[in-house]
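J.: Position chains B and C relative to chain A; hints supplied.
Residue numbers (the working numbering), protein chains in the order written: chain A, 2 to 473; chain B, 15 to 238; chain C, 174 to 421.
Simulated from the structure, these hints should not be mistaken for lab results. Among the hints, erroneous ones may be present.
Claimed, not checked - To give an idea of the interface, some chain A residues facing chain C are shown, with a C-beta separation under 8 Å as derived from the structure: (1) A366; (2) V389; (3) G397; (4) L421; (5) L425; (6) F429; (7) G455.
What the hints assert, rightly or not - Using 16 Å as the maximum straight-line C-alpha spacing, the simulated EDC-like pairs for lysine to aspartate or glutamate come out as follows: (8) A/K467 x C/E334; (9) C/K354 x A/D302; (10) A/K467 x C/D226.
Just so you know, even glycine gets a beta-carbon here, dropped at the ideal spot from N, CA and C.
The lines below spell out each chain.
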Amino acid sequence: MNTKSSVRDRAKVALGDDFLRGAVHFTTDRLRNRKQAVTEDFGHWEAWRDRGEAIRRHTIEHLDFYLAQFADNLERLGAHVHFCADAREALDVVTDIVHTKAARRVVKSKSMVTEEIHLNHHLEELGVEVVETDLGEYIVQLAGETPSHIIIPAIHKTREQIKALFEADGGENLTTETRDLVAFARRRLREMYLTADIGITGCNFAIADTGSIALFTNEGNADLVANLPKTHIVFMGMERILPTLADLEVFAHLLPKSATGQNTITYLSLITGPRRAGDGDGPEEMHVVILDNGRSRQLGDPDFQAVLHCIRCGACLNVCPVYRQIGGHAYGSVYPGPIGAVLSPLLEGGEAYQDLPYASSLCGACYEACPVKIPLHDMLVKERQQFVAKTGGKTGEKAAFAAYRVTFADHRRYLGAIRLARRLQGGFAKGGVIRAKIGPLAGWTDRRDFPALGQQTFREWWMERKRGTRRG
Amino acid sequence: MDKTAFLANIASRLGRPPGSAPGRRDAIGVPDFWAHRRTSHEERVATFCARFQALAGEIVRCDSEAALLAALDEALKALNPPSVGAWGKHAPWPVNVEKVLEKWGARRFGEQPVLDIDVGITGASFGVADTGTIVLACGDAAGRTVHQVPLVHLVVMRESQVVQSLGDAMARLREVAPIGHLPAYVHFISGPSRSSDIENDQTIGVHGPARVICFLLQDSADGP
Amino acid sequence: MKVSLFVTCIVDAAFPRVGIATTRLLEASGCEVDFPIGQTCCGQPAFNSGYADEARHVARTLLEAFADADAVVSPSGSCVGMIRHYYPSLFAGDPALAQAAQRLADKTYELSQFLVRRLEKVDFGGRFPHRVTFHPSCHGSRLLGVRDEPLELLRHVRDLELVDLPYARDCCGFGGTFSVKMSEISSSMAAEKAENVVASGAEVLVSTDMGCLMNIGGTLSRRGARVRVMHLAELLAEAAGLTEEVTA
Chain A
2 MNTKSSVRDR
12 AKVALGDDFL
22 RGAVHFTTDR
32 LRNRKQAVTE
42 DFGHWEAWRD
52 RGEAIRRHTI
62 EHLDFYLAQF
72 ADNLERLGAH
82 VHFCADAREA
92 LDVVTDIVHT
102 KAARRVVKSK
112 SMVTEEIHLN
122 HHLEELGVEV
132 VETDLGEYIV
142 QLAGETPSHI
152 IIPAIHKTRE
162 QIKALFEADG
172 GENLTTETRD
182 LVAFARRRLR
192 EMYLTADIGI
202 TGCNFAIADT
212 GSIALFTNEG
222 NADLVANLPK
232 THIVFMGMER
242 ILPTLADLEV
252 FAHLLPKSAT
262 GQNTITYLSL
272 ITGPRRAGDG
282 DGPEEMHVVI
292 LDNGRSRQLG
302 DPDFQAVLHC
312 IRCGACLNVC
322 PVYRQIGGHA
332 YGSVYPGPIG
342 AVLSPLLEGG
352 EAYQDLPYAS
362 SLCGACYEAC
372 PVKIPLHDML
382 VKERQQFVAK
392 TGGKTGEKAA
402 FAAYRVTFAD
412 HRRYLGAIRL
422 ARRLQGGFAK
432 GGVIRAKIGP
442 LAGWTDRRDF
452 PALGQQTFRE
462 WWMERKRGTR
472 RG
Chain B
15 MDKTAFLANI
25 ASRLGRPPGS
35 APGRRDAIGV
45 PDFWAHRRTS
55 HEERVATFCA
65 RFQALAGEIV
75 RCDSEAALLA
85 ALDEALKALN
95 PPSVGAWGKH
105 APWPVNVEKV
115 LEKWGARRFG
125 EQPVLDIDVG
135 ITGASFGVAD
145 TGTIVLACGD
155 AAGRTVHQVP
165 LVHLVVMRES
175 QVVQSLGDAM
185 ARLREVAPIG
195 HLPAYVHFIS
205 GPSRSSDIEN
215 DQTIGVHGPA
225 RVICFLLQDS
235 ADGP
Chain C
174 MKVSLFVTCI
184 VDAAFPRVGI
194 ATTRLLEASG
204 CEVDFPIGQT
214 CCGQPAFNSG
224 YADEARHVAR
234 TLLEAFADAD
244 AVVSPSGSCV
254 GMIRHYYPSL
264 FAGDPALAQA
274 AQRLADKTYE
284 LSQFLVRRLE
294 KVDFGGRFPH
304 RVTFHPSCHG
314 SRLLGVRDEP
324 LELLRHVRDL
334 ELVDLPYARD
344 CCGFGGTFSV
354 KMSEISSSMA
364 AEKAENVVAS
374 GAEVLVSTDM
384 GCLMNIGGTL
394 SRRGARVRVM
404 HLAELLAEAA
414 GLTEEVTA
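So here's chain A without its partners, still in its complex pose (with noise of 0.2 Å):
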């Protein structure tokens, strides 16, 4: 991932890019609009927030007992079950699948878990062929790039730029109609889904008391991937989990309600297992890949252990007014948005997205978002707390508020500040306000006037009222 440049640097970069944030605001603005419909239309919304909340910090709280009932149920129906601490063992679970199957070909649907890993190219590495198989993640994978939004995540790219992409895949006489693109893609991947020796795919939520993986897609591309071909290879975040099938009704509602403001999904697909004796149809083998890959440092931190709650709808980065200003690929990270700000540096764990936390205004419309309460932006100030602790802070900024430490302590030296910078701005302040581009404030000034400051502060007006030389 691009972690060299700097969060503020790709910002830069993607705020002169209009047609990709028409794009995002177009994109963002329908699907919050239509979450806004759905859940006003549905009704309790708060209530089942509530819900929601206390259902994964229970299952969180609990994690490794629905795991293990998980795992035991799936193993006791014939599926193969791998514990991974991180990215390289998951990666060996694959390595030893592709070369027991001797696979040449294999098809995905949409898995952030696969992204976080670097799945694809570990999987080209090896000589397999690998096609992701969600429209999205085709287009994105046929351009060499990476999604830049979680659920969307073609949403910088124009229907000429796929088109010329399709071309290049084989299609010949498109035009730019959805519908011709789209039944080429329905064309060319069919043939992928009946050839391919595995299928990878990711998984919602995990059903601890039957063992069971539910999907969630529009398209159906999931239910290809998992069942045509020999092997079935499901990749989950150990957080994935839900105790029972009742609480995986909540979930129905909630997920696609707030990641596309669908009432419902078009196809929930509840996997226990792989085929039984006398199907006809299915994968003969099942494995399942429990990953941790950084989340378990967040257990027992009473700061950040409900980042684990997290459901991945997106719904935080529809509202987000930085993503909406700056879309998923400045972020730098597979996980963008508000999510990707607080979750991205907590994996990691080390000195890569520390900038992260800082692209937020902390506004508080992402936790006003989430369908299950995570206050993304008291963590983005804890994780900005934690870097300032580990770091110091850098430089420029530790002086900055090792100064603002001793003078606002002191009311005196507070207004003996104010006033030393009332003379300081002189000349820069005209007509009341500061056009310069001075110091710090010339990332302001760029395109804002700054207040200069008055003749009286408040307090030399209040002081002077009370002492009887102004009335009123």
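T.: Just chains B and C, lined up with the frame of chain A:
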């Protein structure tokens, strides 16, 4: 990583001995106001039809088995597909449509290949009113691919199979399946396959069927 | 009723007229207003940048200044949000200070919240014959839950025409130090907000936080847009004729 160590690490982070069972939990499944709704058979069926149609699913309501057979035959005439596939004879068909299947020479799952069929005909286990969903519990002769691969999916169902909520359907699935032995594949389908991945332009028939037509036989809530 | 004014550092230093209007409104409501001189800043600039220790150090000025106050009122949803939402945990490490922080959090109100909920005073009389649009500050509305109170006050001003602000609830991009640290993103957000203000057709933009208003107002003035930017307190005081002596 070994399973025991993986789970022990989680337990230790959570500050508990590994494997300790959770205590009683208050919030299980949907809120009470949702679970305790009372609806009539007529309301459920009407809601199911309205929701399913709102999702671009099609409903053909039939007042007798004969009418349903005729409607199914008519639909096939209109589609005039090169190839038709259907669940096997011993699948849990809610309505006996063998005559129409024979007439159209439907390839039967388990006996003939169905991966290249144009129209797939199946039954269903439930309809769900809240979401306009048909639920297919697959297995044995009720193959998964019959409804996944074709461009058109025709499904026959009785009104008495319509339940109010997804939870009702899931509870019924659990009742008939011994613990841990749900069918390997249960599909909840709400209308045709759709995508908005190209410039937000919604389109249908991406990977799954572009049309889903439900032939719904009128009967009482007491069932057949 | 005795009320202590927490004027906020932004208003104190750059927008004293907002503090004066706030004082006059409270006095017109029958309150006895006090301004404890020891107050400086709520600590939010440091807190939101990750400097909790510096924030704590500065925030103590408020714990001390308002220790004896019955009620604290401030013309800022953001600063009150900081006190109510974050002070108890900010001082959690010291039981005595934590207790003081909780007491302050419990008795601190944003101005419109105090007027409408505590005093139940929604009409200050007077008229304001202008087309006005309202920007809800994120911290005021989301952190503090002050949503309808400012509108309730505006609805009682005669001849005031309230028009919808498109995308009203979207952040203006201020975000304290965010506006400098991520100035390109911030000014891009401010630009969109300013465009929406202009599109609303309003002559006056009103809000409950000077942070938002100096950001949106600075963008509007740079673009030469003829929209007057006012704090809610200024608008109410001007309509009620409480401001004639303000101009110094």
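J.: Tell me if A/L425 is really an interface residue toward chain C, meaning its C-beta lies closer than 8 Å to one of theirs.
T.: violated, 13 Å
J.: Minimum Cβ distance from A/L421 to chain C below 8 Å?
T.: violated, 12 Å
J.: Would the hint linking A/K467 and C/D226 be met if the CA-CA limit is 16 Å?
T.: This hinted pair is violated, its Cα atoms lying about 34 Å apart.
J.: Sort out whether C/E334 lies within 16 Å of A/K467, counting only the CA atoms.
T.: violated, 37 Å
J.: Do the numbers back the hint for A/V389, that is, is its least Cβ distance to chain C under 8 Å?
T.: holds, 4 Å
J.: Interface hint check: A/F429, Cβ to nearest Cβ on chain C, cutoff 8 Å. Holds or violated?
T.: violated, 14 Å
J.: Is the hinted pair C/K354 and A/D302 satisfied, with a Cα-Cα distance of at most 16 Å?
T.: Distance of about 28 Å is beyond 16 Å: violated.
J.: Was the hint right that A/G397 lines chain C, CB cutoff 8 Å?
T.: violated, 11 Å
J.: So, A/A366 near chain C? Judge it on the closest CB pair being under 8 Å.
T.: holds, 7 Å
J.: Tell me if A/G455 is really an interface residue toward chain C, meaning its C-beta lies closer than 8 Å to one of theirs.
T.: At 6 Å from the nearest chain C Cβ, A/G455 passes the 8 Å test, so the hint holds.
Hints 3, 4, 5, 6, 8, 9, 10 from the earlier list are contradicted by this structure; the remaining hints agree with it.
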